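Student: So the sequences go chain by chain: A and R.
Our numbering puts the first residue of the first sequence at 1, with every later residue one more than the last.
Our numbering puts the first residue of the second sequence at 1, with every later residue one more than the last.
It should be emphasised that the hints constitute simulated quantities derived from the structure, not laboratory data.
It is possible that part of the hints are untrue.
Stated by the list, open to error - In silico DMTMM-like pairs for lysine to aspartate or glutamate, Cα to Cα no more than 25 angstroms straight-line:
no.	chain 1	residue 1	chain 2	residue 2
1	A	K156	R	E263
2	A	K151	R	E263
3	A	K160	A	D236
4	A	K133	R	D88
As the list claims (entries may be wrong) - Which chain A residues stay away from chain R? Per the calculated CB distances, all over 12 angstroms, these:
no.	residue
5	R126
6	D144
7	A148
8	L233
9	P282
Since the model is a prediction, treat every value here as computed from it, not as a measurement.
We put the beta carbon where it would ideally sit given N, CA and C, even for glycine.
Spelled out, the chains give:
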Amino acid sequence: MANATVRPNHNGPSITPIDLTREPDPGSDSRPPLVGGPPPGCASVETRRACAWFGDHLVLENVDLFMAAGEVTALIGPSGCGKSTYLRMLNRMHELIPSASLGGEVLLDGADIYQSGMRAQQVRLRMGMVFQKPNPFPAMSIRDNVVAGLKLARVKCHDKDGLVEWSLMRAGLWREVRERLNSPGGALSGGQQQRLCIARALAVQPNVLLMDEPCSALDPTSTRRIEDTIAELRDDVTVIIVTHNMQQAQRVSDQCAFFLAAENEPGRVVEHGPTAKMFENPDDSRTLEYVHGRFG
Amino acid sequence: MTVVGPPRTSRPDRPADPPAPPPARLSSRRRPTDLTLDDYLTAAASGASAVAFTWMVVARLTDGIGWFPFVVISYVIFMVLFTLVTADRLGRLAAMDRLATVVVGTGAIVILIPLLWLIGYIVVKGIPALRATFFVNDLSGVAATDVATAGGGAHAIVGTIQQVTLALIITLPLSVSCAVFLNETSSRLRRPVRIFVDAMSGLPSVVAGLFIFATLIIPLAETSSLFGYNGFMASLALSMVMMPTITRTVEVVLRLVPGGLREAGLALGASRARVVWSVVLPTARSGVTTAVVLGIARAVGETAPLLFTSFGYDLMNANPFDGPQDSLPLFVYKNIRKPAEASIERGFAGALVLMMLVLSLFVIARIIGRDRGARPPRRLPRLARPDSARTERSPS
């Protein structure tokens with residue numbers, strides 16, 4: 001199906017649904033151009049000897065990971081091993097916690113995001129984030145929620161309606177909400193809210209998408225929709241996802257990194273590599289035990 | 001192909017639909033927490049018995065004890081009877097439940113009585129002197145011997161509205177930025193500022209007026225009429241009264257905005273100021289309105305700060321920046337202290353208008369601060385409409 005030609009008018013009633021069972025693939029060409037947004041394409045992320053502290057408590061020690069552009073990387077490991085902290089270090093959300101400090105380097109396409117002269121806002125604009133708990137802005141309509149990032153980050157777009165449609169389609173929500181774009185975002189179900197948050201993060205067209213247990217509060221159907229969305233996003237954006245669900249990690253990710261924190265010790269990366277290898281014959285016995293649910 | 005809904009007309013060539021199966025017999029609906037008719041009957045009977053019993057005892061054994069002890073004794077006996085009868089009917093657990101219901105309900109009534117009494121008193125005393133002319137005339141040419149309906153309070157109404165509006169214009173930006181400072185930053189100065197705000201909310205309002213009088217009016221009145229007795233000075237004094245109220249209320253509602261929303265905004269690449277402006281404040285919109293309403297309520301009834309700032313005036317002065325100005329609290333205060341009966345009645349009319357003004361300000365603030373479409377319509381099945389509730393969930 002050609003991409004630009006099938007884009008239905010967003011004003012509900014006038015559209016002629018061709019095939020209601022699947023959403024037309026908008027394709028990456030049809031994304032509405034932004035003015036002042038992140039550079040196009042996906043970006044690689046690398047950390048070198050990344051450490052994180054809360055107060056004087058070291059929670060993450062010397063994490064060296066490389067996440068290639070356009071791949072899906074899953075961060076797995078038991079609770080409290082520093083996965084979320086690591087994720088929040090990647091887009092400079094970690095520093096918002098008053099007692100938090102960090103060490104090492106985080107490279108986005110080879111440039112250290114913590115060097116002086118790098119604006120945290122610019123980094124966050126390039127690395128979208130989806131949180132564990134769906135958090136659409138309650139005072140805004142569905143449509144305003146999707147384009148909230150433009151307003152917040154002062155990014156311009158001449159085709160806002162097209163952007164709303166493109167983002168919601170990418171997040172797999174368009175078909176469910178196209179008739180009620182002006183109703184409040186808080187009125188959606190939990191799974192829909194989370195997909196709305198994904199659409200909101202995608203609307204500014206980031207290079208990297210960080211997902212912090214995006215499905216932990218959702219039912220299996222919504223989880224599947226989000227996993228499908230991740231699979232479709234692969235070409236547009238580098239995805240880094242924290243998950244506690246082994247099957248999910250296996251289904252969605254290309255690369256996998258296993259974090260572990262022994263008692264009273266900081267979290268470390270025990271092993272990382274292609275997902276298939278991590279699940280079938282990992283080098284470390286702890287990885288094998290964890291992915292087969294024998295501990296954690 | 002899409003089927004939008006059930007067909008509205010039936011085709012003649014199609015055989016008639018088979019008769020619909022009779023609706024399934026449902027067991028009778030009830031809500032375990034609802035009071036039943038029996039409960040009300042029990043309460044009524046217990047009440048009647050309690051009153052009769054008290055009357056009998058009091059009339060036979062004493063010389064009369066006055067109505068208040070009578071009510072208290074009857075109430076206690078009523079509660080004992082009601083609890084015992086309910087315990088006999090439904091058991092101890094239900095009896096305790098009904099007893100708590102009665103106690104809470106009584107508490108609500110006891111609190112409502114003085115309030116309704118107060119409002120009713122003002123209304124009853126104020127209505128006779130209140131004519132439509134009250135809203136257009138001032139007190140020019142009104143002698144002490146004139147009837148209460150002569151003249152009016154238009155000058156006071158104009159003064160109150162101007163002074164409170166000016167005070168709100170001064171206070172709102174300051175208070176909201178102060179609340180944002182207290183809640184959205186991590187400055188070390190937050191603690192001392194919070195202590196100051198708390199101390200200010202305990203400031204006697206007469207001191208606020210005195211402060212303006214001493215710092216602005218006495219030294220500067222000769223240099224410019226702006227610093228003489230006028231409505232603007234009054235609004236400055238009122239601002240000092242309003243500011244702590246609004247600041248603390250806004251701070252509380254900002255604290256209620258979930259941190260996840262701030263994080264979401266920051267993660268989208270927004271600056272912190274932008275998040276406050278575009279995410280936090282819109283989310284707290286209705287709470288900020290409540291704060292404004294509380295601030296207005298605090299300021300509009302203040303008399304003391306006005307005594308030596310706007311001074312009061314019997315004629316219309318629609319310019320708050322020049323010359324003494326009246327306001328409703330001052331109008332009430334001055335008139336009720338006068339010896340003439342007509343003046344006192346006029347004062348009550350002023351009090352009634354003041355209450356009406358406060359009420360209408362509240363309504364306006366609520367309309368402005370309403371969450372626009374942010375609240376989804378509730379679609380809980382209601383007990384009163386069993387049929388519609390069932391058709392909504394009909395299989396499609």
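Student: Each of the hints needs a verdict: does it hold here or not?
Tutor: Hint-by-hint comparison with the structure:
For the hint pairing A/K156 with R/E263, the CA-to-CA distance comes to about 22 angstroms; that is within 25 angstroms, so the pair holds. A threshold of 25 angstroms between alpha carbons decides the hint, and for A/K151 with R/E263 the separation of about 16 angstroms falls inside it, so the pair holds. Restraint check for A/K160 and A/D236: the C-alpha separation of about 19 angstroms stays at or below 25 angstroms, so the hint holds. At roughly 50 angstroms between alpha-carbon atoms, A/K133 and R/D88 are farther apart than 25 angstroms, so this suggested pair is violated.
With a least beta-carbon separation of about 8 angstroms from chain R, A/R126 fails to lie farther than 12 angstroms from that chain, contradicting its non-interface assignment. At roughly 10 angstroms from the closest C-beta of chain R, the C-beta of A/D144 falls inside 12 angstroms, breaking its exclusion from the interface. With a least beta-carbon separation of about 7 angstroms from chain R, A/A148 fails to lie farther than 12 angstroms from that chain, contradicting its non-interface assignment. No beta-carbon of chain R is positioned within 12 angstroms of the beta-carbon of A/L233; the least distance is around 17 angstroms.
Distance check for A/P282 against chain R: the nearest CB is about 32 angstroms away, which clears 12 angstroms, and the non-interface claim stands.
Checked against the numbered hints above, the structure breaks hints 4, 5, 6 and 7 and satisfies the rest.
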